[in-house]
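Given the coordinates of chain R, assemble chain C onto it according to the supplied hints.
As given, the protein sequences belong to chains R and C, one line each in that order.
Numbering (the numbering used here) for the first sequence: 1 to 153.
Numbering (the numbering used here) for the second sequence: 1001 to 1235.
Please note that the accuracy of each hint is not assured.
Here are the computed distance ranges between Cβ atoms for each label pair [stated by the list, open to error]:
1) R:N112 - C:R1072: 49 to 57 Å
2) R:N112 - C:R1045: 21 to 29 Å
3) C:P1223 - R:Q61: 45 to 53 Å
4) C:A1047 - R:A127: 27 to 35 Å
5) C:G1140 - R:T123: 33 to 41 Å
None of these hints come from the bench; they were simulated from the model.
Just so it is clear, CB atoms sit at the ideal spot from N, CA and C, and this is done for glycine as well.
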Amino acid sequence: MVVDYLMSEDALLAFFVNGRNELVVIPLGSMYSSFSMAPRETNPNFMNGVPELLILRLVQQEEMYGYEIVQAIRGRTDSVIAVGEGVVYPVLHGLERDGALRSRRKTVNGRNRIYYSVTPAGTRRLADLAKGWTNLTAAIQTILTGEKHGEAV
Amino acid sequence: MAKPFDELRERLLRAGVAPRHVRRYLCELGDHLSDLKVDERNAGRCAADAEAAALIRLGRTDDLANAMIEQRQFRSWSNRAPWAIFSLGPLLMLAVAYYIAMFLLWSGWQIFLPGADTPFVRIDGFAIFYLGVGRLIYFGAPVFVGWIVFLIAARQRFNALWPIISTILVAFVGGAAQVRASRTAIPGGLGHIRMFFTLPSSGELLLDRLVGAVIVFSLGMVPYFIWRLRRVSLS
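If we strip away everything but chain R, and leave its shape as in the complex, we get (with noise of 0.2 Å):
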């Protein structure tokens, strides 16, 4: 898979096409990431707001540790976002800080870990960040095919 990029004085832009040959744009932040592309595993991209809806919308299914999140994204997506697999877990205690998840100590065949589940608040969070990406995704798909754009023309 190829991904490529465009990067502008405030937002950087990934474009890649996916299994089913769509081409796919995701807006990336900074240098530092918090989620990387699967084939390029040590260079991390900022894709805001998609941790966060990502780790709120697999946490409000079912309690999850930072390394069951991490390998849900991985399976659920066909390694197409791997997540820079650490990096999952500023991601999480900072949602956790914000109030969107609560986490408690939970002890499963002799491992204690740090179990994350999503609160009222979180569920709310996860509601506009869902809102706000299907919005993009499809108002960027309505200009790659030109569908509204081309009618009007």
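Only chain C this time, still in chain R's reference frame:
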């Protein structure tokens, strides 16, 4: 041999991330690394290869550090406002310590020496312990505060500048502290203990204060120097 996260810990602390957040982050990274190692071993790798592969999957130290450093809400107060932590903080601690010491002195005077005009007389029995604690806090407070300051500085990997400024301030204030005790004019009235801070009025007093301040400063610095020496020897 350096542990996997030693460098990361140092970078985070030096960048101002609060020690409790660093501790939790490294704890979860350690758990994650263990899971990754098991994952890699299950994939057929030998122990050494599994560890190497697990570390790569976990992420580079640069990325792990930057991801945490970017989250400014995890910065410690000593990093956000060192002037407050190393100047107002020690003075506040000193004030609290002096308040406790004066309370012990006053209450010990009322309990053990009800007829005495001053608490600074010969005492026996439990009074020695009770008033001794008060005196220990009074005389030791600047040194104890100095130790706390250096503990904060060492935990956050500060250089010596702020803690030295802080200890000089504490030593100066501690050296200027004076205590006076007296009975009220009313018979059977409660005793009064006053604490105040004075500047030396003569050269001899100035020398005394300076010697006192140097002693407080030196004693306050001892743990910090031991810590630095230990770190140098470990590295």
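Requested in this report: If any of the earlier hints don't hold here, list their numbers in rising order.
Outcome: Structure breaks hints 1, 4, 5.
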